[in-house]
Amino acid sequence: MADFQESLRTVARDLFNLEINTVIKDNMTARKMPDPANAILDIAQIYATKLLELGVPLGYAFAEGDPDFQKPLKAWSKEAFSYDRLAVGDDTFGRLRWAAVAGQRGLENLAADDRIVVERITRNCDQLKSLLRRLEDSLKSAAIAGENRRGLNEKMTSSRSRSLLHLDPEDLTVLRKMWEVGVEKVVMQSVIQLDGDVITRIQRRYAEQDQRHVFEFHEKSVDMSVRFWGVMANTVAVFLGSLAGVFGGNRNPTKAPKVVVPENEER
Amino acid sequence: MTSASTPAARPLGRGLWTRLRAVATMLKSGGLVVITPPGAGEDDSADVRPLIQFDGDMVTSVAAARLGDREILEQHFARVRALLADLDRLRKQLLTFVVVVILLVPSLWSVGSLFASAGWDWAAICWALALHVASSGVIASVVVAARRWILGRALGWGREEFGVSVRDRLFPDEAARLF
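Which chain is which? The protein sequence lines are A and B, in order.
Each residue of the first sequence is one higher than the last, beginning at 1 in the working numbering.
Each residue of the second sequence is one higher than the last, beginning at 1001 in the working numbering.
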């Protein structure tokens, strides 16, 4: 319960910092995010595919035993890699993390875009490793620790498709973002901080005049995010205002400081 | 997640229970996703796919082929705006409910104490009786609603199906009492 409260507190704290990312994809589907355990495996699979594409020999990284990750990438043996080696556990993300680090160091002619994606893989694998370590007991009690996709699907069938792993809001938010972004290239990113600072990052090739439609699209996304922030901030403001009204003797405690959000205007 | 055809519709659905379930689904999946085109299946291709998370962060994926299609993008953002407006409406309803439960109900009970402290015992007794009757009514409604829900779930039918088609065929007496 205390963990859940802390997790909600973290989500509320994150309200002070908005991050809006725009991603352009060649093709995408309307697929929903699966249950957390499968989503974790999805992320591992996407990262593995990207590293293989870039030329990291994952067969070595996932070989039995304890591979020497300090060896230069060129010296890694080129054994075959099987996706069955990807499992729900910190070991999978530890190996992916070291493979990504080796890729950053050893891949020659790595494009700037790809370098950012490999850095993201390293960072996210670290986060997932610590998440899975924290969840070790839950994974064991759900009997999915170390299970690969096949094992997980068998467990899912026997659990009548109930979710096997429950995450608190903070972890779910992090996992959801990782699943959604995957290894896509973020073309524009805006970070809005409560102190008024706004930082916008744009990939160089989208900063040209003929890419105005991308700017407009991103601008609308920022607008939506701020609107949603308004809804959340209003909830907190009204609730706190009500409490303040009770303790301060306000006769109309439902009136709280209102966060003004622009309503339905067209830009 | 939503399939509103016009921005004026209520994307979360109608009826408080349905709307709360829609929000619970969003909470369970870690954010809101409004896929364009509306009603796209799991394997159908999507044009725009924004994820709005509960900490305010947003990831918007757009199909490269649709990037310059102003009409589709306008329709998409109109749907997202409608969803946010509906979410705001629901928030207001819930907050009003919470404030009433937290603030008004204890205040009602404290009125009885005021009567008693003023020496108007008869008024305090009448007040307590009135509250007792009112709260019994609320509890009874909750029990009936819960019973109807449990029966509906146990029989594997939605409430509407249960109400319309099953009540006359299977157990008319019980159904007549419940509906």
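The set of hints was computed from the structure by calculation and includes no laboratory data.
A portion of the hints provided could be inaccurate.
[Said to hold, decoys possible] Cut-off 25 Å, straight-line C-alpha distance, at most; resulting in silico cross-link-like pairs (PhoX-like, lysine-lysine): (1) A:LYS155 x B:LYS1028; (2) A:LYS25 x A:LYS220; (3) B:LYS1028 x B:LYS1092; (4) A:LYS32 x B:LYS1028; (5) B:LYS1092 x A:LYS25; (6) B:LYS1028 x A:LYS140; (7) A:LYS129 x A:LYS50; (8) A:LYS140 x A:LYS129.
Verification of the hints:
no.: 1; hint: A:LYS155 x B:LYS1028; verdict: holds (20 Å)
no.: 2; hint: A:LYS25 x A:LYS220; verdict: holds (18 Å)
no.: 3; hint: B:LYS1028 x B:LYS1092; verdict: holds (21 Å)
no.: 4; hint: A:LYS32 x B:LYS1028; verdict: holds (12 Å)
no.: 5; hint: B:LYS1092 x A:LYS25; verdict: violated (37 Å)
no.: 6; hint: B:LYS1028 x A:LYS140; verdict: holds (22 Å)
no.: 7; hint: A:LYS129 x A:LYS50; verdict: holds (19 Å)
no.: 8; hint: A:LYS140 x A:LYS129; verdict: holds (16 Å)
Violated hint for the displayed structure: number 5, the only one.
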